[in-house]
Every structure is written in structure tokens, then in C-alpha cells.
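If you want the building blocks of each chain, they are given just below.
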Amino acid sequence: MAAKVKTGLQLAPHQVIVRPLVTEKGTHQSEKHNAYSFEVHPQATKLLIRAAVEELWNVRVLDVRTQNRKGKPRRHKMSRGVTSDWKKAVVKLHPDDKMAFF
Amino acid sequence: MADDQTTDDQTTVVADENEQSEPQKLKLNVEVSTIGPCRKHVRVTVARESLDDIEAEVSDRFAGEAQVPGFRVGHVPMALIRKRFRKELNEQVKQRVLMQSLEQLAEENSLDPINEPRLDLDAIDIPEDGDFEYEFDIEVRPEFSLPDYKGLKIERPVKEIGDDDVDAHLAKYLEQFGQMTPVEEPARAGDFVTLDIQFEHDGEVVNSLREQTIRIRPTLRFADGELTGFDKLMVGAKAGDSREAKLKVSIEADSVPLRGADITAKLNVLDVKRLETRELTDDFLARIGMNSEEEVRKLVRSSLERQVKYTQRQSCRSQVLGQITESADWELPEELVQRQVQNAMRREILEMQQAGFGSEEILARRNELQQKSLTMTRRNLKEHFVLDRIAEAENLAVSQDDLNSEIVLMAVQSGENPRRVRSRLQKSGMIENLEAQIRERKAVDVILEHATFKDVPMPAPAGEDVVSVQASICPMPEASESEAESDAGAED
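Chains as they are written, first to last, in our numbering: chain A, 26 to 127; chain B, 5 to 496.
Isolated chain B, as found in the complex (with noise of 0.2 Å):
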């Protein structure tokens, strides 16, 4: 018996706790107006019943607490709770109206706002008497029927790894391993040749880089500009002879004043040398640490089958974002897009005020940069919005595991710890961006999933013609001389 009543009596208990924790619904009366491509404008009447509760509940909580002389804690009378601590029971009482209306708003009105409203916590007051009324604009997201991601039409290019390709990726490999020699003939395609090369702008040297040995092919391609033609140019040359090109320099090169300037390049060629590739003996087989040829082609086509997959998960991509996007015609939220906008704008003008830019020259290239910056912004959060979209319909959700598996993998990438790639991107906020990376990823694969494929064949490979160097053809601002060098002939 008597253990029955104390159960009843624990059952009481738990139920007036579960009471008191959750708070009362306000009374509110909800205005929204739109104001323009998504954007609301809420006003809010917060009726005096429910501030009258809140208020109570707030001086209850301070006289609990509050230390009076000549009181003991919890006997101060209310009224003097209530004038002593004015300003803070107001303050709280704010603090809680407006929480807690913000959220019954939420949860009762389907508003989906990006973000934070903009309230001015200091320019609202709670009245002595009457309703409580505020007001405020806030950014939605923005309203559009879905496309329909299922049964997308999707070009996938495929491509069968024969024994040719088998063979030009081996022969690439063994070049790795291949002896360069000097050569006295003239320079064919294919060879390479150490050259010194000397970069003017207006008979004025900008640039010059020493010893860079390059691989004669089509084009050679610098950090900042590319130099079409100089297979044509370079072959049937021997050492001591020179050459002279022009090119241009890029529009997005890091130097500013040097943007789009057109270049003069003396390239002087002090030696030919031309690759003795090796063949797969025995000796050179246990030195790569295989046994035999059959295995090395065997690895040489796993790795090439992992390529082909990768392009085509990449192609695919791209054409679901371009087609998911293709008919979202709707209209961004301006303030979202204008704010991403002025971040990228920012970095450039300060860029160019630190290359000592006058303000009309950065007035004028203002606006080009803009268009540029606000097309790819439009881009990205319309692709954002929609997978994120889809990801809702779908029911997607971004587990703790995926999480740490994609911190762990990024781990490996980086060669860090996973704790401490977890805590940066807490402390930098990122760990945000990162779940919602995955889930849109995720988003992506459904699509995938749902879609018909047309085999096509893949491309071939574009990058055979083309030769990079690590090195640019403006100066460097920080990079001394010695790490250009040190960075030059690197094939793609």
C-alpha cells in the first residue's frame, strides 16, 4: 500500500516537471507581408495575458535568487523585487517574449527564413501597459516547384581500357624512370630543353627565369598565361640558339597592373636532351617492387579503370547540376547574393589597393568584377537551394558517422590528426558547410540513382599537348627567385 503511494506520488512530481519545462504557448497574432523576391516583412502583437505571465515568472525566478539587505535570500518582498531590479527583470522579460515568440513563429508559420531576422534588441521596448508589438524583415528561401530530378537523361561517358591504353599509360610510367641524355641534333617534339627565358612588357623586363627544362609540346602553359606554338618553335633548335615569342598575360593573374598585357618572351636554349625511356627488365620489375609484367599491367589498369570512374562521376555531375538547374528561373534572395558578392569584391579591391591602384581605376573595373563574381554567386546558391530542396524531399540527413568519416578522410588527405582537423572546423564554423556539402552530396547520388544513362564515349584526355611550368611570367610578390626555379618541370 505504502508503496503504491509513493510511486503515485513520483508519478506527480514527473508530470509537474514535464509541465514546467515546457513553457505555455503565447498568445500572438502573426502579420506577414511580402516585401519583395524573398523577402517578408513579420509583425508580431504579443498580447498582454501572456506578458503578464512571462513577467511573473521571471520575478518568481528573481525573488528565488536575489540578495536584499535586510532580507533574507527568497523572503524580499515582490514589489521590492520589482522596483529594485527594474531594468533587469525588463530585460529578461524581453529576452523570453521574444525567444519564445520567435520560435511559436516558427513552428507555427511555414516561414523557412536563410536567416537570422534582424531585430535592434536595444530599440524595443516592452510597454508598461498594453500588447507588445515588434516588427521585422526577414529572408525565406525561395519559393519554387521542384524540377523533376527523377529519370534525368544523363550522358555518361564510358570507355573500355584496352590493351592500348594499357600500353601508352605504361609507356608514360616507365618515362618516369627514364634517363635524360644530351643530344647535339636539333630538338624534336617530345624532347626537352633547358632554356633561359626572359619576360618584357613595353622593352622593360618583368620577369626573368633561369635553367627551366621543359618538355617541348604544343603549348606551354605558365601560372599566369600560355604560350601557344612552341613545339612550332622549339623544334630544329640546338643549344646556343634563341628564340622570341609573344603572349599575353592572363586576366586573372596575380599581379594586377599586369593583367592582359601583352608579353615579350626570350627564350634562350641552352641544351637538348632526349628520354631513353626503360624497359620492363627484371632488374628494373624488383625495383618497383613487382614481380612481374603481368602485374604491372595489372595495376596499370586498375588505376586507369579508377580514372574513368572518377571522370565519369564528375561528367555526371555536372550535367545533373546544370540540368537541375536549367529551369530554376526564380528569384534569389538580393541581400544573400549581394552580401556573397561583396565578400569576393572585398578580397579583389583590397587586392588592387595593395598594388597601389588609384580609386578611378578601381571604380572602373568594379563593375566587370561584379557581373563576374554575381553570375557564379546566382550559380551556386541555386544549385544549393535545389539539392537542399530535394535533400528535404528525400528525407536526407547528415548522420554523426558521415561526418566523421568525411573528417577522417580529409584527415588522411591533409596527413593531420582527425581531432584536430575536427577542431578547426569548429573553431572556423565550417563544420556546417562541410554537413551540408555531404548532404547535398547526397542529394546528388538520388539523382544519380533515378537517372537513365546514355553510354557515350569519353573524350580523350585533354592535357597530352599541353606542358606546365610552376612558374609565372609576372614576378611573384613573396616567391623569391630560387623557389621559381626550384618549382620548374612539372608535366600535366
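The shape of chain A in the complex, shown without the other chains (with noise of 0.2 Å):
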């Protein structure tokens, strides 16, 4: 039997990952539940972003939320325009696992 050829969009870690998010919330987030919050790529899927953050990070993740962000109106003069959509992961890692990202 023929191996199974791996076809669509293949993304790399660093191309899952855009950027942790440093917010107050997500701050918050990270003392109390241990859980990070980043920009992820709009077509990355769990399994892609709990891959992509144990290899970047060398951590274990334990769960993987994310939610697809709607792009906001925004208006300059006349013109009429919107900021693009994009994709937020919170990552809830084993307890005796840190990340540090100041």
C-alpha cells in the first residue's frame, strides 16, 4: 500500500506561532491558570499549535483553546476599511512548565 501523501497548507512552527500576546489579561492568565495566550496563523489547528509550542518552547501542553477574532471597522476620512481577522490560542501548559516572554 502506497504512504499517505501529505497534501494543502504545510506550516512550520515559527509560521504557526505569529507572536505571544503580552496583554494584562493574558499576564493574568499566566499566573493563575499557567496558561499563555499567542496570534496564531487563521489556518493553524490545535494539533498544529500544541506541536508547534512544545518544539519551540520544550514544554508539555495540556490544553489548546483558540478563537477567530473578527477584524474591526475602521474609517480614515471618507474611506471606509477593515482591520484584518486573525486567529488567538490560549495555551494551558503542565504546571511544571514556564514560559517567559520578558
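In case anyone wonders, no lab produced these hints; they're calculated from the structure. Quick caveat, the model's predicted, so the values are computed rather than measured. What you were told as hints is all true, and nothing was included just to trick you.
Here are the simulated DMTMM-like pairs of lysine to aspartate or glutamate, each with C-alpha atoms no more than 25 Å apart in a straight line:
(1) Lys270/B with Asp258/B
(2) Lys386/B with Glu120/B
(3) Lys87/B with Glu64/A
(4) Lys87/B with Asp122/A
(5) Lys98/B with Glu111/B
(6) Lys91/B with Glu49/A
(7) Lys250/B with Asp469/B
(8) Lys71/A with Asp110/A
(9) Lys50/A with Glu69/B
(10) Lys87/B with Glu56/A
(11) Lys386/B with Asp449/B
(12) Lys236/B with Glu248/B
(13) Lys87/B with Glu49/A
(14) Lys50/A with Asp64/B
(15) Lys446/B with Asp459/B
(16) Lys431/B with Glu420/B
(17) Lys57/A with Asp64/B
Build the complex: two chains, separate frames, hints provided.
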């Protein structure tokens, strides 16, 4: 039987994770629940995100939750526009593992 | 009860504020070593604990104000603040540590510096860990034992104003209202001659003055040189006569190329005038706004007394300064002296360059100039230091009132608005100089209070045999000839 060929979008770990989100809420979650938030590639799946975080930071991931954030309407004088949609991921780590963004 | 509690709470708050405003003392280790006359080398070590305290304080303040996207003001985690504002924090900590340690240094050690220590702020860095160490050189006030300034023996020139003096002064005063009438006879001493003067140097005419009316006195003084024996030269001269004389340009003349040059002056007499003085008639008294001769004499007497007082004060002051700096053989901060001298030199050299001198000539004159200004500067600085110490010993302070009255006096003298004088002084930074001057004057007054005076007869005032012309031998660089002409004829 022939090997299964992967098709579609192939994302490397550094392409999956766009940037860590350093916010007041994020800091609070990281302190209280050991959960860290990231902006991720809009097409990244929870599995891809888990693998990427585990590889990049060398930690154990317990849980990944994602949200698709709608872009916000923006207006400059007469022209109307909208910021891009983006995807947010909150990754919960094993209690023994920690991350430091700053 | 409730009231009592509120008061208690308020007191606590006030106490807390006081604690906050008073910065904690740093743990310092200071090593001071002498490296020359009036120069010290200071090495300061600030302990890590103190550094950490200051760092925490500074980052706390930052945390309360920093605006970081994603956080409300005041809710930014300290670690983020430290990372994001590392440069600014370091800068502030450095500034605080330096300021505080220098202040503490000044309080705890009696260094008595003259100027700010020269610190290269960019070269100093607070280390990540370990103590912070920095060093600098500083100029300090010279150490000397204060000369015994109480009970100085001062010779006070005294003069009783007698009727003769009043007569002489009155005669001089009346001369101002006298009338000059041309005479055909040969000139006598005290007459006025109108002259055309031509100055020649090496056969070339350097300057000429037209129609100068000059009184015949033993010495004729120009702005940049004098002609002695002017009376001998001119007595017996008539209109149409001409005379020749040799004179030397002063070495401090404005015109650099002609300094010290030999000049031949050719004087052509245009006419001779004699002064007819006025009598003290009733008409004349009315004209000068006086009622009687007695009143005029009284006024003259009081003006003479004022002059005597002024001369006394000047003479006492110069004797005091002479005596207190006589024993001052201590070393001065060499850098300060050099700086002052350099300023004077730079002005002089610029002047020479503008006059078109080559670099060799400037170099040749440089040493001579330096020597001259060195002696002057040293003496002035010594006077300043000694008087300053005396002022300190006597607890003399310059109050705002002293400063105000001095400024008002200056304003009156120059006919300006006191407010404008003050703002000009403040702008040019001269107000501190003025303060120092007043302080020094007070110190001299204290010395004079405790001095013993020996009265000596006042020497006869000089200047009776000198007549000055407000024109110069060398051509003025800017003043036009017509200006020089209109300035002529003033007497000492």
C-alpha cells in the first residue's frame, strides 16, 4: 500500500505561532492558570499549535483553545476599511513548565 | 473621639510624607587623595544595597506612569517595565545615584570645591551586579590659615578742609563759567592754545587732530600716550607758530601695530586764549541758583569733605587688601588661574589677529602677556579667597535687601530701570558675582571696623599738572575724525 501523501497547507512551527500576546489579561492568565496566549496562523489547527509550542519552547501542553477574532471596522476620512481577521490561541501548560515572554 | 482619630491619622500621613521626601542615605565608601595644589582625586564606591534600593524606587515610579499597549496605566508587570525601559531606567538610576552620592559626599566630607566636578556621564555605567564605583578630580579651595585680620594698622590719609582749599576749589569751579578771550601776546602757563596736531612715525603721518583747544599744563595726556614738558614747549608760542615734540605710544594702546612706537608730533598753534574768570556777583549767584556766597562756600566744603572720605575709603581698602594678601604665599588652584588667564589671553590674541599679525609675532608677545595677566589674576584670586574666608568666619551673608539696594544704585547710576538691570544681570549670570562682591565689601568693612588707624596727611591730589585730551595718537579703528574732534578739551 502506498504511503499517505500530505496535501494542503504545510506550516512550520514558527509559521504557526505569529507572536505571543503580552497583555494585562494574558499576564493574569499565565500567573493564575499557567495559560499563555498567542496570535496564531488563521489556518493553524489546535494540533499544529500544540506541536509548535511544544517544539519551540520545549514544554508540555495540556490544552489548546482557539478563537477566531473578527477584524475591526476602521475609517479614515471618507474611506471605510476593516482590519484583518486573526486567530488567537490560549495554551495551557503542565504545572511544572513555565514560559517567559519578557 | 472621632475628631481625635482623624487628627491622629493626619499626623501619620504627614510623617509618612516627610519620610518619603527625605531620601535614604547611601552606603558610600569615599577615598580622597591629594594630587596637587588645591586638587583632590575622589574615588566613590556605592554599595549594591543602595543601588538596588534606588533601582526599585525608580522602577516603581515608572510602573505608575508607563503606558504599554495591552495594559492599563499602573498595571504593567514590573518585569516587563524593567525589560522595556531598561535604558531609561539605567539612565535615571545613574543620575539619582550620582546626584545623591555627590550631595552626601559634600555633606559628609569637607571638600569645599570651587567648581563642579568634571564627570564624563557617558563613560560611567552602573554595573549589572556588584558595587558601583566612579572617580573624579576636583578643584578645592586653597587651605591656608587665615591671616590675623583684626587690628590691622592702617594709615588713614586725613585732611582738614581749610578756607584755602575752599578758595582753590571755588576758583576752579568759577573757571567753568569763565570766558576765553583771544590774546595777541605769547602764551603763558594756564592759557589755552588751539592746535592742529600731526603725528608721524618713520616719516609717515599716522594721525592728525584738528583744532584741539588744550590748556597749557606740564603734561599733555592722550588716550594712548603722553607728552611731558608740554608747558615748556608751548609757553611763549603765538598764533602761527609751530612746535615739534617726540613721544612714545603706550604699550597698552588699542592700535596693536603702533604699540611702543616713537612718534613725532608737529603742533601748529592756531590761536592763544586766556581765561577770564567770573566774580561771585549777585547776578551770577542767581544764575547758579544760590542765595549767598556763604551758601556756595558751604556746598564746596561739603563736596570737598565727601572727596576726602572717598579717598580715605579707597586708600584704606587698598591697604587692607595689600596687607591680607601679603602673607598669602599658599598655592592657588592652578587650573582656575590658567582658565582665567586663558580668557584674557584669548581676547588679546584675537585682537592681534584682527590687526593682521603673523603667528610668529603673536607667539613672541604671548609669554609677556601671560606673565602680566598671571600676576594680576593670582593677586585677584588670593584677595577673593581670603575675603571669602573672612566673610565665612564672620558669618557675613548677603541678604536680598542688600542685593536689591545695590541693583537700584547701579540702575540710578546708569539711568536704567532697576528691573531691567536685574534681568540683565540674571541673564548673563553676573548676579552671583555681584553677590560675591557685596560679601567681599562687607568683609573689608569688618576688617576696617577692627583696624587701628594712624592718621597721615593726605598727599596733594595728582592731576593738577596733567591735561587730558580724549583723542588718541594712533588712528581709532572705528571712531571717525569728527568724533575725535568733538571729544577734545577735557581736563583732569
